[in-house]
Amino acid sequence: MSQIPSTKQQLFQVAKAVCVVAGLSFAFMSTSHAQDKPSGKRSIAEQYIQDMKEGKISEAGDDDHVVQELIIKRSIPITYKYINILMNTPNAFGPGVACTTCHNSNDPSKSYRGLDLSTCKGIIEGSTEKPKRALFTPGTEAKRDILIRRLRNNRMPLGQGFEQSTYTPNHMMVKQWIADGAKNDDNFKKNVLPLFTTANAFGPDTPACTACHMSNQEPPSFHELDMSSHAGIMLGADSVAKGVDKATKVIVAGSPEKSFIWQHLSEDRMPPGISPAEPRDHPNTTILAAWIKQGAKCD
Amino acid sequence: MSQIPSTKQQLFQVAKAVCVVAGLSFAFMSTSHAQDKPSGKRSIAEQYIQDMKEGKISEAGDDDHVVQELIIKRSIPITYKYINILMNTPNAFGPGVACTTCHNSNDPSKSYRGLDLSTCKGIIEGSTEKPKRALFTPGTEAKRDILIRRLRNNRMPLGQGFEQSTYTPNHMMVKQWIADGAKNDDNFKKNVLPLFTTANAFGPDTPACTACHMSNQEPPSFHELDMSSHAGIMLGADSVAKGVDKATKVIVAGSPEKSFIWQHLSEDRMPPGISPAEPRDHPNTTILAAWIKQGAKCD
Amino acid sequence: MSQIPSTKQQLFQVAKAVCVVAGLSFAFMSTSHAQDKPSGKRSIAEQYIQDMKEGKISEAGDDDHVVQELIIKRSIPITYKYINILMNTPNAFGPGVACTTCHNSNDPSKSYRGLDLSTCKGIIEGSTEKPKRALFTPGTEAKRDILIRRLRNNRMPLGQGFEQSTYTPNHMMVKQWIADGAKNDDNFKKNVLPLFTTANAFGPDTPACTACHMSNQEPPSFHELDMSSHAGIMLGADSVAKGVDKATKVIVAGSPEKSFIWQHLSEDRMPPGISPAEPRDHPNTTILAAWIKQGAKCD
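Residue numbers (the working numbering), protein chains in the order written: chain A, 1 to 299; chain B, 1 to 299; chain C, 1 to 299.
Careful: at least some of the hints might be erroneous.
[Unchecked claim] Once the Cα atoms are required to be at most 16 Å apart in a straight line, the calculated EDC-like pairs of lysine to aspartate or glutamate come out as:
#	chain 1	residue 1	chain 2	residue 2
1	C	Lys53	B	Asp268
2	A	Lys53	C	Glu267
3	A	Lys41	C	Glu141
4	B	Lys121	B	Asp107
5	B	Lys73	B	Glu59
6	B	Lys41	A	Glu129
7	B	Lys53	A	Glu267
8	C	Lys41	B	Asp107
9	B	Lys41	A	Asp268
10	A	Lys41	C	Asp107
11	A	Lys53	C	Asp268
12	C	Lys73	C	Glu141
13	C	Lys53	B	Glu267
14	B	Lys53	A	Asp268
[To be verified] Away from chain B, derived, C-beta distances all over 10 Å, residues of chain A:
#	residue
15	Gln50
16	Met234
17	Lys297
Keep in mind the hints are simulated off the structure, nothing from the lab. The beta carbon of each residue, even a glycine, is placed where N, CA and C say it ideally should be.
Turn these sequences into a full structure, and let the hints guide you.
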């Protein structure tokens with residue numbers, strides 16, 4: 001399909017040369033009302049057209065590329081009305097029942113964690129069962145907050161269902177190690193590190209952490225994360241891409257709940273049962289995060 | 001990925017032994033508020049965690065496993081609000097238009113069977129066109145009632161579209177035989193049984209019933225159903241799994257409408273056009289049945 | 001599965017013969033209330049059953065076959081309530097965010113083209129940003145109108161994302177040629193025709209128009225459209241199937257916006273990012289067009 005006979009190629013070159021010149025005079029004929037406005041006065045459609053003409057729209061890539069380019073980068077306001085639809089609609093963040101089937105009341109005997117995602121107030125209030133917990137901070141980046149985390153992050157190691165316990169002795173061993181300061185001590189060397197380097201440590205038929213996170217080089221190591229040594233774990237993720245000083249810390253010594261390693265070991269991705277193969281950056285997850293960053297307004 | 005070098009294996013064994021002991025002292029640090037409560041006082045989240053710790057959550061399997069474990073087994077109330085969303089939303093029970101595109105009024109000239117699925121009253125009232133018919137009995141198991149049946153059961157034989165008639169002479173032959181008492185008489189032997197054992201009897205390019213239901217052994221016979229003889233048909237399905245006395249009857253002599261065989265021959269699965277390969281136990285179908293069993297409440 | 005032993009075949013033939021006779025007497029036992037009514041008095045369910053019995057329902061084929069047979073052909077009223085759901089629900093017309101994420105206000109600084117698809121008034125009003133434009137004419141066939149076009153038509157040439165400019169000099173060359181009368185002059189021969197016959201003319205890694213539209217014969221030429229000559233282009237699409245006089249014109253000389261060729265070159269399919277492999281005749285797109293043809297009523 002893409003082979004061009006040489007004579008056509010020549011015509012093509014001529015045509016392009018002509019077009020470049022012709023383009024100058026054609027420019028005014030299309031959306032000319034957008035051309036002379038300062039960008040602050042342009043509508044989002046005009047700005048989009050201008051960016052498209054100038055090749056400023058990034059190449060397709062991530063699953064949320066469309067949302068990033070057309071909505072997020074242009075600060076289109078996300079309405080609560082749409083957030084409400086996402087919370088109540090099956091398959092909104094990937095195949096599965098709606099969020100509100102399990103989280104639709106602040107009564108913990110009827111709704112998991114006393115979490116009511118069926119109202120704006122309930123979303124902002126978060127889990128009302130002890131320990132009470134907000135799901136995010138309105139007006140801030142929410143990617144690492146629990147609401148978005150639960151929709152994005154696959155439980156590690158990959159391959160286990162929500163029915164597998166996250167309270168095994170091995171899980172508790174890691175949690176306690178972080179709580180105790182995440183030190184490079186004998187306990188770490190003898191008891192903790194082997195859990196990261198051994199298959200089936202956190203669930204049946206699961207790979208070792210180091211099967212995917214074995215060095216600071218990606219590929220083959222996902223997120224440039226090295227879980228084969230204390231130094232690698234404390235260095236964190238993306239140390240090459242971001243630089244050592246700006247690498248993403250995966251351990252917050254003393255705080256398992258704030259440590260990405262513990263979050264990944266203990267939190268199931270929602271909706272429950274979703275395949276890890278489903279896009280993590282689902283367009284609607286990105287929209288939900290944008291609503292939060294825009295202030296999580298209810299009107 | 002799952003190969004473990006022997007030295008690591010040893011470390012792993014040690015680690016696990018340590019962890020089992022350690023686990024005892026770690027137990028109190030996580031959700032300790034749940035530990036001492038009698039199960040009746042636990043929140044559903046606490047009960048879930050307890051079950052997970054004790055390995056009481058079944059292994060993933062059926063398509064509605066998530067819903068069974070997290071919602072049905074824990075008696076989470078299903079709201080009409082969610083049922084209303086399911087009735088009005090495309091793709092709610094598998095790929096297809098919303099139920100209410102065809103069933104949204106009690107006027108039989110505008111809505112199939114005068115069935116209004118757009119209101120709670122309409123769902124409970126059922127088909128208002130003669131013959132009037134409720135779709136289920138609130139408060140009871142609904143798996144065999146028509147609303148759930150239509151969403152779960154593939155029309156038999158597999159492979160024919162909704163456009164193929166269910167009123168052919170062969171269909172009528174089976175219906176009349178059941179209406180007349182489903183006897184093992186000459187009419188059955190000469191006219192009815194051959195329809196079950198012959199390809200293309202109920203539609204073009206369709207297998208014989210006995211291609212899939214040929215004995216009481218599964219595999220190869222689906223549902224342990226033997227349609228190759230009068231005795232097999234009257235015995236019913238799952239006679240090995242459930243025992244002969246508790247086998248599922250597929251014929252109610254004198255009542256074609258109550259006979260599973262006739263239901264399967266004459267009812268198209270909804271939404272129309274859905275592939276038989278789509279999960280029969282769709283999570284939202286299971287939720288709809290649970291709402292009915294909980295009493296089909298409208299508030 | 002479809003092999004029939006000869007003795008069974010004989011039984012089958014007998015059974016069928018018996019059934020045909022038996023069918024006459026059986027007919028009254030099922031939906032007999034439908035049999036004697038003139039078709040105008042039948043409910044849609046009765047009419048459907050009658051059509052099914054008479055084999056008047058077309059064989060499954062197109063993606064919207066179900067909707068065509070059960071809804072469109074029977075003039076079931078489409079409610080604005082359902083249209084509103086389609087506009088607000090993710091994945092309603094294929095995988096993607098809801099229409100209203102980008103089109104939910106008549107403020108062009110917040111909503112692309114000042115288009116508000118979140119209200120019935122807004123849908124009917126269309127784009128309020130200059131140039132103002134209605135999306136369809138209520139009560140008329142809408143397949144070629146912009147609302148349906150945007151949901152159905154893949155941008156040509158296939159394979160480029162919405163981020164690729166539709167304002168390149170080559171695009172402008174074609175637009176100007178149509179605006180100037182689409183003549184078979186030197187400009188066409190030297191500058192325009194080569195764009196249609198050359199790969200990568202309208203975007204990187206895209207085939208020539210003539211790779212798929214090379215003659216009046218389908219196959220191999222899609223839509224029997226020949227873009228390899230001025231005569232072929234002016235003849236239009238489907239000239240064999242419809243006849244030369246009724247072929248679908250792809251050029252309206254002087255009006256690029258009305259010319260299918262320009263529409264296909266310049267309009268991205270919605271939702272943005274949708275794969276060209278997704279069904280063009282999505283059931284819900286057909287329903288949306290039917291709502292328009294029925295008058296686009298808001299109540």
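Would you mind confirming whether the straight-line C-alpha gap from B:Lys41 to A:Glu129 stays at or under 16 Å?
Satisfied, since the Cα-Cα distance of roughly 13 Å is no more than 16 Å.
Hey, C:Lys41 versus B:Asp107, does the alpha-carbon distance stay inside 16 Å?
holds, 13 Å
Just to be careful, I want the Cα atoms of B:Lys73 and B:Glu59 compared with a cutoff of 16 Å; is the pair within it?
holds, 14 Å
Is the nearest Cβ of chain B still more than 10 Å from the Cβ of A:Met234?
holds, 20 Å
Checking one constraint from the list: CA of A:Lys41 to CA of C:Glu141, max 16 Å. Satisfied?
Between A:Lys41 and C:Glu141 the Cα gap is close to 37 Å, so the pair fails against 16 Å, i.e. violated.
Is the Cα-Cα distance between A:Lys53 and C:Glu267 16 Å or less?
holds, 14 Å
With 10 Å as the threshold, tell me whether A:Lys297 passes as away from chain B on beta-carbon distances.
holds, 23 Å
Straight-line Cα separation of C:Lys73 and C:Glu141 no greater than 16 Å?
holds, 14 Å
Between C:Lys53 and B:Asp268, is the straight-line Cα distance small enough, at 16 Å or below?
Roughly 15 Å between the alpha carbons, so the hint for C:Lys53 and B:Asp268 holds.
Hint consistency between A:Lys41 and C:Asp107 [alpha-carbon to alpha-carbon, up to 16 Å]:
holds, 13 Å
Would you assess whether A:Gln50, listed as outside the interface, keeps its beta-carbon beyond 10 Å of every beta-carbon in chain B?
Per Cβ check, A:Gln50 is outside 10 Å of chain B; nearest 35 Å; holds.
For the pair supplied as a hint, B:Lys53 and A:Glu267, is the alpha-carbon distance within the 16 Å limit?
Status holds; Cα separation ~14 Å.
Checked against the numbered hints listed earlier, the structure breaks hints 3, 9; every other hint is satisfied.
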